[in-house]
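Participant: Guided by the hints, dock chains B and C onto chain A, whose structure is given.
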Amino acid sequence: MTTTEPLLDVRDLSVTFARKSGPTVHAVDGVSFTVRPGETVGLVGESGSGKSVTSLAVMGLLPRRGVRVGGQVLFDTDDLLTLPRDRMRDIRGRDIAMVFQDPMSSLNPVVPIGVQVTEVLERHQRLRGDKASAAAAELLSRVGIPDPTRRLKEYPHQLSGGMRQRALIAMALACQPRLLIADEPTTALDVTIQAQIIELLKELVQDTGAALVMITHDLGIVAGLCDTVHVMYSGRIVESAGRRELFAEPRHPYTGGLLASVPRLDAPRGAPLHPIPGSPTDVLRWERGCAFAPRCPNRLDACTDGPPPLETLPGRRLRCLNPLSETEEVPA
Amino acid sequence: MTEQTSASSAEDVLLSVRGVEVHFPIRSGVLVERQVGAVKAVDGVDLDIPRGATVGLVGESGCGKSTLGRAILRLVEPTAGTVTFDGTDLGSLAGEELRRMRRQLQMVFQDPMASLDPRQNVQSVLSEPLRAHGVGGDHTARVRELLDLVGLPASAANRYPHEFSGGQRQRIGIARAIALEPQLIVADEPVSALDVSIQAQVVNLLEELQDRLGLTYLVIAHDLAVVRHIADVVAVMYLGGLVEQAPSDDLYATPLHPYTKALMSAVPIPDPAVEDTRQRILLQGDLPSPADPPPGCRFHTRCPFRQPTRCDDERPALRTVEGHPQAHRVACHWAEDIEAGRIQPAASAVIEPDPAPDPDPAATT
Amino acid sequence: MSLSEIEATTESEQLEQPAGNLRKEAWKRLRRDPVALVGFGLIAFFVLVAILAPLIAPYAPDAQPGRGMITPTNIPGPSADHWFGLDASGRDEFSRVVYGARQSLLVGVVATLIGMAGGLSLGVLAGAFGGKVDAVIMRIVDVMLSIPGLLMAIAIAALLGASLWSVMIAIAIINIPVFARLLRGQMLAQRGSDYVVAAVSIGVRRRPIVLGHILPNSISPVIVQATLTLATAIIEAAGLSFLGLGSADPRVPEWGRMLADTQRYLASAPHLAFFPGIAIVIAALGFTMLGERLREAIDPKYRR
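Protein chains in written order, with our numbering: chain A, 611 to 942; chain B, 51 to 415; chain C, 15 to 318.
Looking at chain A on its own, in the form it has when it is part of the complex (with noise of 0.2 Å):
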């Protein structure tokens, strides 16, 4: 173990939303994770599977009517679920930070890009005037947006969609917050500039020493980015493990199917892909088994019994009763 200690520790995280009619929904259900500072971890899952429930209720952004939040999400030592909500929002933004998956719906659009990134700065860092214009300037240029003094002038809707995430970006990093949550931020961009955009976030955590958590469907991103990965299934985390230990052995059937069913552009042509039948709605509910159980070809009687324990294993986490064997390439 290293001796850091984690920056952002999330025990036991539960999101249940009550609704009008039919049963509550358990979102997100004893998820636990930590990150380190400096560290980038990935949180995976497709829809449905609690990634971003995570991290809105660690922002504490979920709505609060027929909410519930369980457990704890210890940021140094204050817990940010109790936190007065004034207190957590000078959190927010000054030393947590968050991109979202859509840069038009995330900025105002009818204020100047300028303008939306010197508030961060007023606010935060108490900067005024020609200085918080200058630190914009000098911000956008760091993201890698040409000719930042004249894009200050403009709105949203003149920037291009990836210059709109890199002035998110530049917005999030305005008061270097200490952590970084990255939700989905190059799901609505061209795989061109996705690249630019998954280099610059690497660049700023190298630079800066943040932490970022990314969460993502994709495992190509992943793989070339995080340095822990946490596969979410159905509102549980199903494995954790270092990235190489994952993508080299993944041992739960769920990220096997993943990575089996995912066609790869240096695979040989004609390669068979292994789709893993049935859609992530046909899901269990944990309480009667694994939520997986449906979809999975390693399926035992004992899967259907009753929630599997996410046990502790050397270097990795994982529930699954059945587990594809260390030397197992995907099942088929």
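Hints listed in this document are in silico derivations from the structure and should not be mistaken for laboratory results.
This one's a predicted model, so the numbers in the text were calculated from it and none came from an experiment.
Among the hints, a few may not be true.
[What the hints assert, rightly or not] Some chain B residues well away from chain A (every beta-carbon gap over 10 Å; in silico): (1) 132; (2) 188; (3) 199; (4) 259; (5) 272.
[Said to hold, decoys possible] Across the chosen pairs, the derived CB separations fall in these ranges: (6) A/923 x B/198: 41 to 51 Å; (7) C/225 x B/137: 29 to 39 Å; (8) B/402 x A/687: 32 to 42 Å; (9) B/137 x A/935: 51 to 61 Å; (10) B/168 x A/878: 40 to 50 Å; (11) B/364 x A/729: 45 to 55 Å.
[Stated by the list, open to error] Example chain B residues on the side facing chain A (calculated, C-beta under 10 Å, incomplete): (12) 76; (13) 218; (14) 247; (15) 250; (16) 320; (17) 325; (18) 331; (19) 336; (20) 371.
For glycine and all other residues, C-beta sits at the position ideal for the given N, C-alpha and C.
Facilitator: Leaving out everything else, chains B and C in the frame of chain A:
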């Protein structure tokens, strides 16, 4: 248009696109509207689709690939050029003739929810093409057969689109496209709206149907890995024009165009061992506006291999390169020099592999 | 974003439900909505009153049971015999308000139906053909919209002469452009949607595409608008009658006309203004409440 080489005419070509342009007028004015310019969404494309083959058309958003697909199906009118399908010039058809020809050319859409009428149940969705073309017989039985072909239970017929998951909806869309036993299917981003674990199901289904029904595909996608998997021939599009076209294996083994190189190096591969050792070519900036494309080579404003001559004033045509098969064609003045390493990319555009220091493996507590 | 994930997790549960369509779901939501239920209740109440008027009203609308008791300075208010009091001619105000429901509902419904029919025809033409047809129809609609509604209604009603029909036609005409615009906008939006492109690519003819796909998917907001128009039509009808453009027949009481007749006695007999006024407000409120909630139940944007 340029004369086709004998390589493609020898094949049995089902669909042939020559010099197709789609320019959308930009109008301005308060009372009297005047055309002040045009968005050149597709600007001179030649493409052959051999019978029974799968041609992949890749490019990023705004490159005109979807518009080209729709122009082929006459869902948008090409402003110039010809599309010849099985010997018939589609541009010469109108009204009822065109409508009847649509039987042969079908489309699969990106967003399966949006492409289905929310008020139509599956039975109605799948029998609509049969009704439209006066196909007789037992529609209920045919619908059941179609559902079976795409792997859905017969009970799906009485349900409505919103009751299905994304992957199931896309199966319905595919069933509709094959209902009339068409020869060509244009699939516009058929899997990009689906969950990762579902994409492979739909890709496999498309391949399976091709084998069973002898279909010809034009698959339009931004995901190179998907296209690499499914296509025999791949065409790469940038800002309204094709920059490279080659048999799939040749293209992925030796991409000749700088844009193809950059595109391929940008695709993340789900394997840390590969990711850590890859060299990346990063493109500068964004796609220029198709309303005001750069002169010369469309790509020269972002090209890391740009040369001081020719690139900015002479538009390159697709051509063969010595040492590569006839079918591998590229639109770059300097393809030979780039391949031979005589021209190196700008240093700022190249990201050398830099494996992130691995933290201790016990980092997961 | 978070919500879409929640939707996704609950999708499997929806799959287990029996097949149903969007209208059924909207109906289900509406049945659980208290505001809609109150609105519906108010409307049902007025419809019943209108139908059962002869049974409910103690007097005929033109009977003058209190003729002897009336002087211009003394018009008796509510009493045990006459719940809403007497009017200036000694007629029973309650009976007249009850009978008045017939006129208001009739004018509202007929005017809305005519307006909707006219608007839909124009809207379908414009939305289905687009281009020049669309441009011409929309210019006409723009001209109609540029004239203030009530002013135009007054002009039309005056031109046609004072009668119930002229009120209905006047109100219908001023509502035509509203429906035409609404439907055309909806249809144009649907025309570019993927499922319409899909129908074209399959080779479906234009007519089934317009009537089978575009129109049914455009009509919901029109139904909502019709409900809301009913409310304004009732108010507008009262307004026109108030100005003396409605039926002058004393045997057919009409709320707007009753208000107009009251003007001179407002100081001495405020109840004469109060009861018809309240009737108009409550009837209009019923349709507005139902219409607003109908919109929310049908419009996907309000879902979740």
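Participant: Now tell me, hint by hint, if it's right for this structure.
Facilitator: Each hint, compared with the structure:
1. 132: 30 Å, holds
2. 188: 30 Å, holds
3. 199: Given that every Cβ of chain A is farther than 10 Å from that of residue 199 of chain B, nearest at about 17 Å, it holds.
4. 259: Given a closest Cβ separation of 15 Å, the condition holds.
5. 272: 7 Å, violated
6. A/923 x B/198: 41 to 51 Å: 44 Å, holds
7. C/225 x B/137: 29 to 39 Å: About 35 Å separates the Cβ atoms of residue 225 of chain C and residue 137 of chain B, which means 29 to 39 Å holds.
8. B/402 x A/687: 32 to 42 Å: Taking Cβ atoms as reference, residue 402 of chain B and residue 687 of chain A lie about 41 Å apart, which means the hint holds.
9. B/137 x A/935: 51 to 61 Å: 57 Å, holds
10. B/168 x A/878: 40 to 50 Å: 42 Å, holds
11. B/364 x A/729: 45 to 55 Å: Since the Cβ atoms of residue 364 of chain B and residue 729 of chain A sit about 48 Å apart, the hinted range of 45 to 55 Å holds.
12. 76: 17 Å, violated
13. 218: 7 Å, holds
14. 247: Interface hint status for residue 247 of chain B: holds (4 Å vs cutoff 10 Å).
15. 250: 4 Å, holds
16. 320: 4 Å, holds
17. 325: Holds, because the Cβ-Cβ distance from residue 325 of chain B to chain A comes to roughly 4 Å (cut-off 10 Å).
18. 331: 9 Å, holds
19. 336: OK, holds: residue 336 of chain B within 10 Å of chain A, min 4 Å.
20. 371: 21 Å, violated
Of the numbered hints stated above, those contradicted by the structure are hints 5, 12, 20, listed in ascending order.
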